[in-house]
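Going line by line, the protein sequences match chains A and S. All residue numbers for the first sequence refer to our numbering, where the first residue is 1 and numbers rise by one. All residue numbers for the second sequence refer to our numbering, where the first residue is 1 and numbers rise by one.
What the hints contain is simulated information worked out from the structure, not anything from laboratory work. A portion of the hints provided could be inaccurate.
Unchecked claim - Derived BS3-like pairs: lysine-lysine, alpha-carbon spacing no greater than 25 Å straight-line:
{"no.": "1", "chain 1": "A", "residue 1": "K118", "chain 2": "S", "residue 2": "K417"}
{"no.": "2", "chain 1": "S", "residue 1": "K274", "chain 2": "S", "residue 2": "K325"}
{"no.": "3", "chain 1": "S", "residue 1": "K257", "chain 2": "A", "residue 2": "K96"}
{"no.": "4", "chain 1": "S", "residue 1": "K257", "chain 2": "S", "residue 2": "K417"}
Stated by the list, open to error - A partial selection of chain S residues facing chain A, derived with a Cβ cut-off under 10 Å:
{"no.": "5", "residue": "P386"}
{"no.": "6", "residue": "V416"}
{"no.": "7", "residue": "G420"}
{"no.": "8", "residue": "A422"}
{"no.": "9", "residue": "R451"}
{"no.": "10", "residue": "I469"}
{"no.": "11", "residue": "T471"}
{"no.": "12", "residue": "F508"}
{"no.": "13", "residue": "G510"}
{"no.": "14", "residue": "V511"}
{"no.": "15", "residue": "I519"}
{"no.": "16", "residue": "D520"}
{"no.": "17", "residue": "P523"}
{"no.": "18", "residue": "D525"}
{"no.": "19", "residue": "R528"}
{"no.": "20", "residue": "T553"}
As the list claims (entries may be wrong) - On the chain A side, residues computed to face chain S include the following (Cβ under 10 Å):
{"no.": "21", "residue": "V55"}
{"no.": "22", "residue": "G57"}
{"no.": "23", "residue": "L63"}
{"no.": "24", "residue": "G65"}
{"no.": "25", "residue": "K96"}
Just so you know, even glycine gets a beta-carbon here, dropped at the ideal spot from N, CA and C.
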Amino acid sequence: MQLTVNNKPKEINLPTKQFDPSLVSFINCPHMKHLLRLPILMLLLTYGCSKDIPVDGPELLDLFGDFQVLQPVQINQTQADFAQGEQLFLQARFNKLTDWELVCTGLNSGARKSITGKTRFLDSTNCTWNGSTTIFPMFKQEAVEMKLIVAEDSVLWRDTVTITSTRLIEGFVVADFETGIRPGWTSFVQSGANMSFVVRQNSSAAEGNRYYDMGGLVNWDWLIGMIEFPASAYQAPRFPLIANPEKLYFNTLLYLPDSVENALLLFQFREDDNGNGTYEAATEDLYSLQCAAYTVNGAHQRLQKGWNKISVRYNELVSLVNGQPSTPAGNGRHDPDKLSRVSALFLANPTSGYSQMYMDYIIFTENGPLEP
Amino acid sequence: MCQHHAWGFVLVLLMLLGSQPGVAQPGQPSKTYASSYSRGLLSIEKLEEQADSMVERLANPGYVLTDVGIHLNPHSALEVHAQMRIRSEYGGFWGSGLTLDLRQMWIRGVIDQKLRYQIGDLDYRLSPFTLQQSDEWILSTPSLLFTPQLDMIRYDLFQSADLTRRQQGIALDFGWDLFSERWKLASSLFTTRLVASDFNQTPDRLMSGGAVSLRNLNGTLIRFNYADLYDVNQTSASSRQLRHPVGSVRVTLDGQKFRKRMPLRLETEWGQSKLEWVGQADAPRLSDGFAYAQLEYHGAGDERILGAEVWRVGSDYRSAGAQTKRIDFDRSPATFRRLATDDQIRGLNMLDLFRDGTLHRFQVQTGLMNYDPAYGNALPYGIATPNRQGLMLHWKRKQPAEVWQHDVKVGMLMDVKGQGIAARRQFAIAEWNGAAPLHAKLGWNKSWWLRASARLENTSRADGSGDLIDTRVDLTNRLLQVQSEWQITTDWQVFAEWRTYTSMGHDFYGVRNAYSEVIDYIPMDMNRTEQWSGIGLNYRVSNRFQAQCMAYTYLWTPPSEAVSPKIRWNSASLLLVMKL
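So that you can see chain S by itself, here it is in the shape it has in the complex (with noise of 0.2 Å):
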């Protein structure tokens, strides 16, 4: 057996030991129905650089598209899926602008009452540190123009809010009681392709792995992931091969569901990865490891949590299913793709980043992506960002609606390894989110909220090389958010958002080679300010039915004029979704 399967093969050991079999739950009864999901945007843009001179462009981008699936259960143990997506873009011409794709297709059932497995289409995730998708932090801060078309994207690209991450392949699920029924164990296990072989240099790369959880009734768990990211040997010309192997082993104790109940539920997780091309002698072996541990009080019921998370990833922990990035910095914006003034690739911005789902990618991906400083810094890979180490407070507290929301969060975080020089960077992170009843104050029987977000993040770090060269690093991502929700009858609302976001100071981009070790630093100095501001419309029934108008002026300001022109871009736009 291979020595990158050990681990794997340890799992089913596990799994196989001191154990009886449970039983399965029951399957759906048999029937036959249809899903869908509709949507159509129509949209006016105008973008205005000015430079020397004003240069003026208008798009009007549009699209209509449906997703039609069909569920078959030909018995009560199976269920077939298959969605197609249709979709016109506006103005094609003899049905050029027409695609039909088979967006998602899956079969799952239950054998025998007792294993459940899922062939096709699947949505996998294991822990923060293995198999999960982060959220980009520029992101993470919901907006009301903005956040109803980047649910689109996340739509499109099997982006859901429980993190998974969207595959092909196979999945089992299993479980069993152990002693005397004290502990419960559940595992699982998958086997998804990532890359096909081309049958000349690109072999087949599949992901495999699982997890198995020891629960007991005292709350406690157990929970051992694995993920193996490899190349499957001839099935290329190529000799290399990718071994990627990452494991972790994480405990939770929930002090709630001891026999004397406490407020306090402690995680940890701890865990390794390597990372070699096999058959490459000059490719490097990357091998690090990581330890997470986050205690929370959790007081009246888990009105108010009160968190701190201490955690630190080494410089060369790499774990493909963690740290592949939900955007891909390499690309270009689809729309108004270059600069009329110098005929120049516009850079991205922050509204390039919520609306364009060309720059958003789900494929799981080897090695570290590059990300823009601009846009988070301290953990541009989420949490599992290698070379991270620090501390973090949250305090959130849940009321009833007629009362002031809150929730903070601050870090304090460092490099475990100084990046180019010994002395290491700090992160400083902080968040506050906000939310007023104001009608509560007025009295009013309609709702009528304001909420502001602030965010900043700092990237410090003092000269440590004498007068040679300055190594100083000082950048600062600042976010500040107004945003106002009036509810005029039951179904519509009117809402307005200002937003601003500046990227000011120093750092050293590191510049990673192809096996993802760092090999060059780029300086970067920013000086670049965003700014958006809009009114819009909302009309929602229930979650099945949206419709959005909304008219926003979006502004950026460069550094200076001489390296890119100012940008001012309006649009106004009409967006409808349906789920039946």
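The following block holds chain A by itself, in its conformation from the complex (with noise of 0.2 Å):
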């Protein structure tokens, strides 16, 4: 026999019988009555393998129902001792599906925490406060408004709770200037003018009660001024951070005024890679990042005005000359356990006038940015 090679054989001329339209005979045939029970076995396969949700999508109620409170909003206490380990969580439920947020606000220092959600009901897995920030400063040992707001129903619930220590923050602290500068660390500072590389002391510091202010006009150079950060002011010779660049982050808080559009702070690690105690720059690795109140070539972090949390992943850092990518002298590793010096140069340009920046809580973190 010949076949085609397509999908369509030729059609078999059968030896034709008597035709009998019969549909009774053809039920009765004993083959069809089998094979007519195909489709039905069919059917109930896939009515067995359904899932047993009986709905498709979001409930109609839920989008389009009206808002009720079935259990009314409580607090499971009115102090918190945050660096204990407490925390804050509120309980309530709702007759559907509902966009909420928990809003924090520290009545000394002006910190808020923002908490949002969509659920029908509150409790220690979706609303829980540990203490930390959303908008800077952060939250000191102070009185807190609390308020949930509920999108159907404006303010919900509101109440006041008082912070009796503040959170503890795991990391390596480089510095956080509520001590001053710390012995060890060096700065250089040109001689422009209305100069001001100080520790200052007010309640908007970003962490504590102290940050450093940079400013300073300066037309002949981009250089502003310079701290640094050695780790033998640590009394080490190298910073004591885990040796994996993938789980450890630099984190920083700056703060941008609104009338600086030119400040760019240049943050330098050194890498003591041949481990002599001394950083070689011919050899060994630099590694930088640049933080802006502008575009700038290559990579940065662009600056909001206000309080900014920069957090950067160590194996992120950049090798940079003259602000351009480049290749790292040393072995090109990132090794933050051969990290041996951290330096923070404040710059612009010569031409654009005075600048200014705050900096504030400089801390590694492990496995993970910094949560203020």
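Could you use the hints to bring the two separately framed chains together as a complex?
Here it is in structure tokens:
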């Protein structure tokens, strides 16, 4: 027999017998009886395989129903010792899926924490505050107003709680400026106009009560001033950091004043690759991070007005020469356990006039960025 | 081997086991020839917006194009085809309206009289649930006024009558005789590329699969279908990869080929699908199945056909090859795109759907495309529409040309899972088409046909949530059409057509995310009426030349003139189509 290669083989003419149009005789055919069960079996199989969830998509009631509170909002306690790991959380139940926002505002500091969600209930799994901050400054020991805002009902609940101690942040703190300039830090400040490389005490500090104010006008050089944090200031040849650059984060808090458009802060990270206790520029790695008020060439963090949280994974630091990406001079490997010095260089275009920036809370954290 | 390719591996094994090679068809004789398709369209359009004041606008679009195809047969087992399209817009300045494209190209042939192949553009189809184009409900009632323009769009987008999908890649066909020639095995494999990598975040996206058919002398056909849409690893910087395999088994029993001949034909199909994004933790993994059965009674030598279909498609069943729609409802119309009264984008209407080729698409798309419930709410993705189960009955009577012609289709469908509420929507479908040969009644030599069509689609759901929220659904889409066609001479016909379409009621339209999950609902309140009427003159010589001149009026009545203006669209057009 000849067979075609396509999907439509030639029809085969069979010897015809008496044509019987009877449906009864068709169904009585023993083979057909068996085969007619096939579609029924398949439908049953598909029903059997279907999932038990009776509704496809979100419930209409959640989207279009009237909002009702089934269980009034309650808070677990009115005082929080965050340093001891205590947490505040709300409990409530609603009749439908609800968009909500918990806003905590420090009555002294002005710090704010915002927690949002879309749920039918509030409990410790979705509406817990551990003392962290969304909008700087960070919370202090103070009274805090807590508000629960529900889209359908504006402010649904309001109460005041007291922070008896602020939360502790794990990590290696390079500088928080709370005790001024640490012995061992070195600084260089140009002899320009209105220079202000000083630690200031102010309640608007992002963390604690003090921050480092960098400002001035230098019309002959990009560098306005700098401060360096050598590992030796912490009584060690290298910073006590883990070796894995993928799990280590460099964090700092930077403030950009409203009127400043030209500020550029360059962080430099010098590694003592050969372990001889000295950084050698020709043979060892230098990585950088640029934080600027404007768009600059090369990898950088763009700053907004006010306080900014900068968090960068250590292995994402880049090698720069005059602001342009370059090849590291050392082993080319990010080795945070060989970091021997961190420098902060405050720069501005010499033709752009006065510039200023505040710096606070430089900290290395492990396994995640800083949660202030 | 990747898990998602396991089905394909099984299919290949099935083809290799217990078989002996057959003999392929001989190729065509050696020759070179050309083919061409040409058409021209010129129309005068006038749009009147009736809001607070009357605004009128005019447009006179027109173009002429020709497709020139070259077929080369270097030898009897090889054919090379390339087709160029030259298109000229009327009024293009210094040739700026002139475009030249390579429209299609393929190479096909037979290797060693056993293996047939095609490389380049290819049209492919598996089954209605795995890989096949489904027709749009709103476009499936033929119109004397606009079907010729719709046919142009279908030609441009390679939408053939056999519901194949145009793709680019390679296909192989081969077959064997099995078990002393009592069974024939035919198999087909394909791989096509749907998306090309941009070497950044977009990887190469391929579709591979095929079918293995086993047919015996008694009219039993068992067919395994498989289509796998997937991203190719390492063709982009993205670690996220789509995996979308679909497989089915289709069994057909043709009683007329049984030894004891039966006037019945049974078709069944059952299958499963999976849709997931590997390397993206928050992406869902959708998996579901379907089952389908159709029993048809063929009486009096196929003159009377009575059929019943029953099927169920799970709510998470996804099949990009079968569910990709022909119309992209996210697009805007090309003609009179903005309303003059408020400068808003004009919504799509039935006239646009028939005439505007920019709204149509043929590329397979992952997920579920948006649709307009006013233009088909029961089966927006064809019979493979997810979350549907139901029963459909159809009756068709083929009779000599001098007798009344009828066909009827009715169906009851239901959601598999309620959308947004446990109560499920019910869909009622009814369709009737009739044609009366008036010339036979009047004893005329020249034909005079009067045709009428009525289609109804109702979606309903009782309120199932008490007093908390009104979840009732009641949406009715209704089409009525009357046509008449007079034959003046052998080649000339005069025709007239009137159609009215209404969509009234309320439903909740499910908004889907990028993973095709329902995440929200839009309350849709329909209250629109569309109507067109027109006359025309048709000159047709076989299927190779057709000229049509027509004039029509289209009316769009919105639910409220505060929402959008009432539209009257008058047009006169002339079109010519030539195939050589």
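Tested hints:
no.	hint	result
1	A/K118 with S/K417	holds, 24 Å
2	S/K274 with S/K325	holds, 19 Å
3	S/K257 with A/K96	violated, 60 Å
4	S/K257 with S/K417	violated, 40 Å
5	P386	holds, 9 Å
6	V416	holds, 7 Å
7	G420	holds, 4 Å
8	A422	holds, 5 Å
9	R451	violated, 31 Å
10	I469	holds, 4 Å
11	T471	holds, 5 Å
12	F508	holds, 6 Å
13	G510	holds, 6 Å
14	V511	holds, 9 Å
15	I519	holds, 7 Å
16	D520	holds, 7 Å
17	P523	holds, 7 Å
18	D525	violated, 13 Å
19	R528	violated, 23 Å
20	T553	violated, 40 Å
21	V55	holds, 5 Å
22	G57	holds, 3 Å
23	L63	holds, 6 Å
24	G65	holds, 4 Å
25	K96	holds, 9 Å
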